[in-house]
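Chemist: With the hints in hand, could you dock these two chains into one complex?
Each protein sequence line maps, in turn, to chains A and B. Taking my numbering, the leading residue of the first sequence gets 1, the next gets one more, and so forth. Taking my numbering, the leading residue of the second sequence gets 1001, the next gets one more, and so forth.
Please keep in mind that the hints were generated in silico from the structure rather than gathered at the bench. The model shown is predicted, which means the values in this text are computed figures rather than measured ones. Even for Gly, the Cβ is constructed at its ideal location relative to N, Cα and C. Treat each hint with caution, since some may be false.
[Stated by the list, open to error] Dumping the calculated DSS-like pairs for lysine-lysine here, alpha-carbon to alpha-carbon at most 25 Å:
{"no.": "1", "chain 1": "B", "residue 1": "LYS1119", "chain 2": "B", "residue 2": "LYS1220"}
{"no.": "2", "chain 1": "A", "residue 1": "LYS205", "chain 2": "B", "residue 2": "LYS1220"}
{"no.": "3", "chain 1": "A", "residue 1": "LYS232", "chain 2": "A", "residue 2": "LYS243"}
{"no.": "4", "chain 1": "A", "residue 1": "LYS104", "chain 2": "A", "residue 2": "LYS232"}
{"no.": "5", "chain 1": "B", "residue 1": "LYS1260", "chain 2": "B", "residue 2": "LYS1247"}
{"no.": "6", "chain 1": "A", "residue 1": "LYS232", "chain 2": "B", "residue 2": "LYS1247"}
[Said to hold, decoys possible] Coverage of chain A stretches by chain B, computed from C-beta distances (three or more under 8 Å per stretch; other residues unrestricted):
{"no.": "7", "stretch": "144–157"}
{"no.": "8", "stretch": "174–186"}
{"no.": "9", "stretch": "200–212"}
{"no.": "10", "stretch": "218–224"}
{"no.": "11", "stretch": "243–250"}
{"no.": "12", "stretch": "254–264"}
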Amino acid sequence: MQDERAEHDLLIETFDGRARRRADRRAFFTTALGVAAAGSAFAYANPALAQTAVTDSDVLNFALNLEYLEAQFYLYAVNGSGLPSNLTSSGSGAAGGTVTGGAKVDFTGDPLVGAYAREIAADEQAHVAFLRTALGGSAVAMPNINISSDANGPFTAAARTAGVIGSTDTFNPYSSPNNFLLGAFIFEDVGVTAYKGAAPLLSNKTFLEAAAGILAVEAYHAAIVRTTLYSKGVQALVDATEKISNARDTLDGSPALDATRGIGPDDDQGIAPSGSGATLTANLAPLNSNGLAYSRTPGQVLNIVYLNSGTATMGGFFPNGVNGNIKSTT
Amino acid sequence: MIDPFKAIEILTAAENRRAARRGFLKAAGGGAVLLGGASLLSACKEDENYPPTPLPTPTPTPTPTSTAVTDNDILNLALNLEYLEAQFYLYAVNGSGLSSSMTASGSGTAGGTVTGGAKVDFSGDPVVGAYAREIAADELAHVVFLRNVLGSAAIAMPNINIDGGANGAFTAAARAAGVIGSSDTFNPYSSPENFLLGAFIFEDVGVTAYKGAAPLLSNKTYLEAAAGILAAESYHAGIVRTVLYAKGMSTTSLITATTKISDARDLLDGTPANDDIRGIGSDDDQGLVGSGNTANLVPANVNGLAYSRNSQQVHNIVYLNATGANRTGGGFFPNGTNNPNPSLRVGLS
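So that you can see chain B by itself, here it is in the shape it has in the complex (with noise of 0.2 Å):
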């Protein structure tokens, strides 16, 4: 199998050398059709033979079955995860969500629609209300920020559903994992409890999300900040995780429906082989409680170390699903996430 992380190493490398030579190509007219540059020069050569003998045309460079993944195109996946996550907490918090000038491309083409969202009740658990409140107010922030860095580049929200009803992403997600019964439903909205399990199957991915993507950044200003991203995604999980056990020891249906959406998010996101060193591997998810009953509130491997998912399993989970079938859209995401990059767009094959 080829390896994801080398394989967008040797591209990337090789996208720049083609860029080079594309932005020549375009400066001197050139059109699409990629010609080796030699021909081109000697074509323009000025000699007494002018108008210039035409040579042979070599061999055009075959064009890349798949496009090298920048930057922006990195941002951009991420983006597309805040703004679910954003529109979940805030929706939660306020009963509305991003403001559509928060959702439009950087270009300015309208984002998507948002089905399902609901003000949650926080008043039998305020300390819950007040966890919500700040990790809306971070998630808004992040959607603000990658904004910002990519400028004209940000991609538009796609059409995202976070509906609590029984044809909802959420209901889709409980039945798969075995949360609730298979013509049973789940809503997020409908307590501070349910609300926090919708957390939890967002946040450990975020950081999983974060962990895979943030070495391929080649920009150290990006990578620095995919950093803080990763870290703050961390210590949202660190919370809903040490508020969900806490509340298991009395209510330990709650340890239990973790312990099922890991499972099921394992069995979403492949089996990657084992490498310790980085974090892969086929069990890359982890409920509230260890072997022997003991508390697990840190998702590990034996190293110590959080996991990292590439994209495509990042979006198996929120596509929720793992046939490959459906790879470019579902779930979360009824119509895929939106990249200039379509590698950065689809599950697991």
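Okay, chain A solo, but in the shape it has when bound (with noise of 0.2 Å):
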């Protein structure tokens, strides 16, 4: 036990170096362009600041920032404010984002919901806690996150482009028990497939072995969510799951299919049924034809969260995108 938490020590510090350098990298970019690395169309392109490899500290650190907003929408929702401010705070002290929006649910009419949400929104602040500890130093910030209910919130945008509402109606996941599961369901298979699709690229096993402890959990999560959903009975519900399922598809592209992997351009399910009387069959978890779970790739995912199916390094749940070097749909 000694010798793992030595090992872990090591290996925080040696991605708290390669933190150091490429903060160095960008900060001279930054001073010699005088433009924000981030959002940059030139700094984008410019391939001196592409990824040529991932490291583990990377990926931790976006699962990180998807931990942030997760954690918000939940604590929010159950508790009317969110995370602690040192809860938000980069490993070496500088301030977290701002969170916009973000309410106290009524789940009086619905108190399994709410018993429910409390559970998720633990189990989210204890995945930022941990992954924070993890990097320690290195832990990013966390950005600024938008989780408002209004007009031009990314809920609203989200459920408009889906098809959910109408091209000028809001929609407000803070309103009621129902709604709150569908803004629920907008982020919890996102993260399933963001972990199945991350793990495979950490190199250090004891890690993976977290990251597969966190997957698992968002996967109890996801199903939580969509088999309430489901058990409402309620077609409308099971409607909106579909159109949101069919709006992260597009979302998200088309790559090619990899049925062993787990990718294909196709890779996201709502909880419609199949069959009736006695064929009837569920579709709780969105698996392929060897059930397995599906990945995305990093950019996969931003493309979802930033509401953005082209190129883009921020929008949507994220207005001025992710912190850390994974940051960009492409």
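Modeler: Here it is as structure tokens:
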């Protein structure tokens, strides 16, 4: 046990060293170009900033961005407030970004869903804390996050694009337990595919096992949300999941099929069942023909959370992009 | 205590070196005896002293007491568990199980027999029937997938007991857990709720088994695929736990049963030292309620990570044995699982 801790400390120091060198390089370009490295078309196209090899630290920081988003959504829904500032600052102490939106959901009409929301919120906060501890000084700060319910917010944008609501309607995931479930539905399957696509990129076996542990938990979460939505027996909810799923499929492009790795142009499924009566078969687990969950690349995941099917480094739930070295959709 | 994961890594590396050397010896006509490579080379060397002067025989390389675990061994371990789950769900849904072509080994040896299994009447709970059909289809897909990946190396299905009678594995499990009295019977096929409890026995175990085994795979594609099955089993477990919890609001005995089954699994699988990063610990299983009677649909540790079990721990659970006396078989696998690697067929020592 002592040996493993020492090994972790050493790894974290190594990640720190790499992060510092990259930060120095970015700082040089920032100063020389006079523009922020993130979000600048020139900087993005600059091959010097292109990632030649993804490190374990990069992957864990990518995951941390997604956990920040999920944790903030669930914590606001449950508590009306989000992560404390000591859980959003960078590993070197720089303050985290701001959260736009977020509100407490009234679960009195559906206490079961409230119980699920509290459990999931606690898990996501634990994931934030765990990844921050694993990354130590290399942990990125939380970027600016938008989880707003207003007409200009990402939930409304997503719902309109998906056709869940009309082009001038608003979607508020905090206004009811059912709306909350649909808001959660937007995130959870994406989290599963993100960890599944990223886990094989990890070289450290302990981090790989830990990432597999988060992958499993995100799948449990997704199953809770999907099962609860289905069991309500409301066709409109089932239809909404199909529309959201199709929208995610459209956003994340059409990679070539690889049924062993779980990659393909159709890598997302709603909860509409098949068959009827004695052959009625649910679809609560979105799996391919081999019974495997799908993988998305980090770029594909960003397509979805940026709500942009093209080349982008920001948008949607991350108005200024995610933090760290993996921040572009392509 | 030897860390099984470290030991397996070391053995795998050593095995690769030995395999390379054995390959050379085989090509050179060497037999099963392991000799230092140098002596064979010397014996073959042509020089003016032909026939060569025999060199003193070097100390033979000691035969390893355990064989290193290969990717195929791990996939075959998973295949055994998928055989069990597939048979249970297929019988519950169809009243029949896997075809014989799906249980034979990759080289054509016939698979074992299934004792028990029966169709569940889901007419009173069609939604649970829909879940059962979905899960059954997924487990069948897992069996097919693993067999395709393994090809001729696919192991045959061992004898399986999924019987709901007084002498069946489910009754033994339920009695040991205290879900039923010591002379009662537990039949997972007699109602949708019993079926859900039967499923509950398996699904979380499948998650922990894949989580423990996936990092041992060296082939990255297999690793990604195993992660895909890990996620699938987590979805399944999430479905079963969510449905049981919701029903448990009005039928509290269901909640109590899951706590007892979880405690029994904790008892069976030993007490490894805590590692909250890898998800290992003496308490690596959770029922549906946490402290303060809060919902606990996700069995996760303090870091929000699912747990890992190693092969021996998983076998202790499926063999329903914690004492080590029958660590080679019992419970759901009355004659043990099948695996070319003997270390992946046994429970805890």
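Chemist: Evaluate each hint against the coordinates.
Modeler: The hints, checked one at a time:
no., hint, result
1, B/LYS1119 to B/LYS1220, "violated, 39 Å"
2, A/LYS205 to B/LYS1220, "holds, 12 Å"
3, A/LYS232 to A/LYS243, "holds, 18 Å"
4, A/LYS104 to A/LYS232, "holds, 22 Å"
5, B/LYS1260 to B/LYS1247, "holds, 17 Å"
6, A/LYS232 to B/LYS1247, "holds, 13 Å"
7, 144–157, "violated (count 0)"
8, 174–186, "violated (count 0)"
9, 200–212, "holds (count 7)"
10, 218–224, "holds (count 6)"
11, 243–250, "violated (count 0)"
12, 254–264, "holds (count 3)"
Checked against the numbered hints given earlier, the structure breaks hints 1, 7, 8 and 11 and satisfies all the rest.
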